[in-house]
Amino acid sequence: MMFFRRFLIGSSLTLTGFLAGSLIERRKQEPCQKVFPGLFDAVYAATPVSLPDVQSHKNVTSNRISQIMRFGFPGFDQIRSFDDYVLSYDRRNRVAHWVFEHLTPETVKHNPEVDRAKCDFKRDETVHPFFRSDNSDYKHSGFDRGHLAAAGNHKANQKHCEDTFFLSNMAPQVGKGFNRDAWNKLEKYVRKLTKKYSNVYCCTGPLYLPRKEADGKMYVKYQVLGTNSVAVPTHFFKVVVCERSDGRLEMEAYVMPNQVINDESPLTMFQVPPETIERAAGLLFFSQINRRHLVSINGKNV
DNA sequence: TTTGCTGT
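Those letters in the first sequence? Residues 289 to 590, per our numbering, in order.
Worth flagging that the hints you see were computed from the coordinates, not collected in a lab. Quick caveat: nothing in here was measured; it's all calculated off a predicted structure. Positions of the beta carbon are idealized from the N, C-alpha and C atoms, including for glycine. A portion of the hints provided could be inaccurate.
[Said to hold, decoys possible] The following label-pair restraints were derived from C-beta to C-beta distances:
#, residue 1, residue 2, range
1, Pro554, Arg404, 26 to 34 Å
2, Val512, Leu582, 32 to 40 Å
3, Ser517, His581, 38 to 46 Å
4, Ser354, Lys505, 16 to 24 Å
5, Lys410, His581, 37 to 45 Å
6, Lys427, Asp534, 45 to 53 Å
7, Tyr507, Arg358, 37 to 45 Å
8, Leu582, Lys427, 24 to 32 Å
Could you put the whole structure together from the sequences, leaning on the hints where they help?
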């Protein structure tokens with residue numbers, strides 16, 4: 289494997305190297321492909337298997353996954369499931385397409401035995417070396433390793449918290465003024481929704497939005513970090529669905545630019561129609577929702 | 001409080 293890594297880094301990518309890499313990847317993916325499109329089977333195959341009792345863990349996990357994904361998958365590229373969240377990985381950009389969480393008063397409840405400081409940012413060994421990011425990519429980059437599934441949403445259980453520290457759940461985020469401020473405020477707001485609603489479903493991900501350049505044409509331009517060329521998203525989105533006690537659903541959708549944001553800006557300033565995000569990201573959110581149950585979008589009745 | 005960084 290080291291040979292291929294050096295091959296990639298040290299010289300230009302030739303057809304031979306590409307084919308060799310493809311074969312390795314195909315071999316690794318085969319068990320998953322065989323059972324596809326059995327959705328939960330595919331999720332099983334992506335589950336890390338270094339666990340003492342794999343079979344019972346599978347059952348517990350798959351029950352939880354079906355809860356989290358109750359209203360449908362936004363897309364099906366490179367699905368990976370963890371004990372308390374689900375992720376779709378973008379191998380080209382080395383950042384997830386989306387992560388999905390199900391928050392309840394119980395799952396966000398503070399457990400004094402859970403210590404975030406004991407968690408380390410770690411590379412996701414389940415991602416092929418060609419396509420995974422590493423801590424070195426972020427070091428001295430000027431960007432934070434920003435959680436997509438927030439650690440603060442998984443404070444009830446130490447392993448759940450640690451699962452959010454895989455680099456597959458990270459994206460390069462502007463630190464001061466964004467990740468540690470406006471974006472953090474949005475994450476706290478979503479957590480707080482569990483005080484009012486018994487079920488909160490949250491989908492989070494990056495966007496790479498076009499922008500008009502000096503020549504008047506539209507271009508998608510974004511920085512990449514380190515030897516693995518980890519993409520720096522131009523924006524991040526969050527789409528949230530809250531279930532009321534009467535079973536009715538309320539949806540909110542936000543897009544924030546990955547830049548310093550004025551601390552005075554209210555969160556409502558970043559609300560957008562969810563279909564705007566769907567078109568920009570190539571995803572469909574909450575497609576399994578019965579639209580008759582959806583009563584409001586961004587606070588406006590529908 | 002929660003979000004992270006750098007350097008030893």
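*Mind checking the hinted window 26 to 34 Å against the Cβ distance between Pro554 and Arg404?*
holds (28 Å)
*Is it true that Ser517 and His581 lie within 38 to 46 Å of each other by Cβ?*
holds (42 Å)
_Outcome for the supplied range 37 to 45 Å, where the beta carbon pair is Lys410 and His581_ = holds (39 Å)
*Does the Cβ distance between Lys427 and Asp534 fall inside 45 to 53 Å?*
holds (50 Å)
_The hint says 16 to 24 Å between Ser354 and Lys505; measuring C-beta to C-beta, is that right?_
violated (45 Å)
*Lying within 37 to 45 Å: is that true of the beta-carbon distance Tyr507 to Arg358?*
holds (38 Å)
*Mind checking the hinted window 32 to 40 Å against the Cβ distance between Val512 and Leu582?*
holds (38 Å)
*Hint says 24 to 32 Å; check whether the CB-CB distance for Leu582 and Lys427 agrees.*
violated (44 Å)
Hint check: violations occur at hints 4 and 8; the rest are consistent with the structure.
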